[in-house]
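Asker: Protein chains in written order, with my numbering: chain A, 1 to 136; chain B, 1 to 136; chain C, 1 to 136; chain D, 1 to 136.
Since the hints were made in silico from the structure, they are not lab data. There's no promise every hint is true.
Heads up, the list lumps identical chains together, so a pair's fine if it works in one copy or across two of them.
[Claimed, not checked] Below are the DSSO-like pairs computed for lysine-lysine, each with C-alpha atoms no more than 30 Å apart in a straight line:
| id | residue 1 | residue 2 |
| --- | --- | --- |
| 1 | 105 | 123 |
| 2 | 34 | 105 |
| 3 | 92 | 123 |
| 4 | 92 | 122 |
| 5 | 104 | 92 |
| 6 | 122 | 36 |
| 7 | 92 | 105 |
4 protein chains.
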Amino acid sequence: MTIDRERFLQILHTPRYHQFLGLELVDAEEGYVKLKLPFRDDFLGDEAGSYIHGGVIAALIDIAGDFALITHFGRGLPTVDLRVDYLRPGQKHEDLYAVATTVKKGRTLSIADITIENSEGKKIAVGRGLYNTATA
Amino acid sequence: MTIDRERFLQILHTPRYHQFLGLELVDAEEGYVKLKLPFRDDFLGDEAGSYIHGGVIAALIDIAGDFALITHFGRGLPTVDLRVDYLRPGQKHEDLYAVATTVKKGRTLSIADITIENSEGKKIAVGRGLYNTATA
Amino acid sequence: MTIDRERFLQILHTPRYHQFLGLELVDAEEGYVKLKLPFRDDFLGDEAGSYIHGGVIAALIDIAGDFALITHFGRGLPTVDLRVDYLRPGQKHEDLYAVATTVKKGRTLSIADITIENSEGKKIAVGRGLYNTATA
Amino acid sequence: MTIDRERFLQILHTPRYHQFLGLELVDAEEGYVKLKLPFRDDFLGDEAGSYIHGGVIAALIDIAGDFALITHFGRGLPTVDLRVDYLRPGQKHEDLYAVATTVKKGRTLSIADITIENSEGKKIAVGRGLYNTATA
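Sequences are here, hints too, so could you generate the full structure?
Answerer: See the structure below:
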């Protein structure tokens with residue numbers, strides 16, 4: 001990685017919304033990152049409180065894709081666009097894991113693929129994000 | 001609308017993640033909804049605390065699209081997939097508004113278009129969501 | 001428009017794949033274009049020959065979005081990414097119309113929204129394209 | 001596969017637009033397909049005739065995703081929506097290859113991931129398609 005672990009964690013833990021999410025770094029190497037989203041009741045998205053909100057999952061996808069690219073560029077990158085396909089609901093009390101890999105590392109635009117899984121490895125969602133790397 | 005205002009507000013205000021967001025209903029009619037997201041520091045997405053996180057905007061898009069369809073179906077609907085295009089950053093202290101309209105009202109699948117604006121009417125993001133209406 | 005009609009038609013009619021499609025210009029102004037795709041049997045996508053292929057519709061969406069932006073930039077622009085939502089099949093013998101409008105006109109990236117309709121005005125598909133305007 | 005090779009090839013070769021494209025089957029197994037698109041001048045997308053049109057690539061993505069799912073369902077499936085990210089232009093005289101795999105095999109909706117490469121294995125585009133499997 002072109003960024004040291006301490007700086008990487010700083011970008012992960014400093015933003016206020018990241019703090020709300022409580023994201024943890026599981027693993028990172030060049031072009032790859034795995035993040036953990038420990039369950040919080042604040043993530044629940046339905047009236048009965050059974051499922052994790054799709055917006056939380058979209059945020060996790062956005063962030064994980066960004067961090068896959070941060071392994072190359074060493075800094076956070078603006079998201080240009082984002083696509084999320086929801087495969088099955090994240091359940092109450094379920095910690096989620098995001099695995100993101102670089103699809104394209106470009107001078108102006110880069111792409112990351114992201115998969116969200118539960119602790120049993122079942123896919124919750126897949127996503128693809130386009131990020132602006134022009135100023136990197 | 002096929003849903004009364006009180007029930008509509010209940011679906012908007014009950015889920016825990018909606019409470020975190022603090023969403024307010026501005027306007028709703030058949031196939032149309034306008035929501036307000038009053039600014040909170042918890043939404044900030046960068047280390048300097050200057051911009052609203054793209055994940056918060058994605059959630060707002062997801063929710064607004066859902067509520068445009070709730071005006072037809074009278075209940076929350078699972079999101080199948082979601083696309084977000086970010087146009088300009090939402091700034092610190094900026095309240096955001098989501099305007100969502102129905103593109104397709106189908107028996108099994110429905111589509112909503114969503115625009116996120118600031119209070120000056122500048123577009124922050126546009127999105128399109130596909131929702132499962134099969135069980136409605 | 002920042003491009004004269006003759007040049008606009010040249011960009012529309014010269015590429016080999018555009019010739020295969022047989023695209024016609026219906027209307028164009030700054031930030032807006034309407035194209036016609038006259039039906040051809042070569043567009044049929046199923047074994048029975050009943051429906052227009054989704055790939056033809058995706059191409060029409062891509063091209064119409066490009067031409068909405070050509071009204072600003074005066075030249076063809078590379079597509080960065082494309083999203084297509086299919087609403088109902090295009091039928092055999094049905095001419096299709098693409099209406100495209102500019103969503104964002106940026107220095108490096110621009111966005112267009114596209115709707116495909118049949119001659120009765122029924123929506124066949126909607127799309128959104130991101131185009132590279134960096135070199136414009 | 002739940003479909004024999006002869007029937008598979010029939011679905012690939014019968015539709016008129018598939019004939020225009022001249023698609024060839026390279027390989028197929030359960031949840032996987034590789035198709036070849038031999039170059040034709042009719043695919044060229046720019047005035048100079050240097051690049052393969054993005055609409056042809058979008059069609060190839062749509063079709064390959066469909067065929068990945070045909071290995072499970074034994075019949076063609078309507079595309080619900082489609083996303084294409086263009087990575088680099090397909091060049092004149094370049095044969096393209098589409099590799100598609102199943103991401104989700106659902107009772108009502110299924111997802112396929114598709115990568116388009118040239119003969120040197122360089123990625124030209126990636127795509128993701130959602131298909132209606134409700135009537136299968």
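Asker: Hint by hint, say whether it matches the structure.
Answerer: Going down the list of hints, with the structure as the test:
no., hint, result
1, 105 - 123, "both (25 Å within a copy, 12 Å between copies)"
2, 34 - 105, "both (18 Å within a copy, 25 Å between copies)"
3, 92 - 123, "within (15 Å within a copy, 34 Å between copies)"
4, 92 - 122, "within (15 Å within a copy, 37 Å between copies)"
5, 104 - 92, "between (34 Å within a copy, 22 Å between copies)"
6, 122 - 36, "within (14 Å within a copy, 32 Å between copies)"
7, 92 - 105, "between (36 Å within a copy, 24 Å between copies)"
Violated hints are absent here; each numbered hint is respected by the structure.
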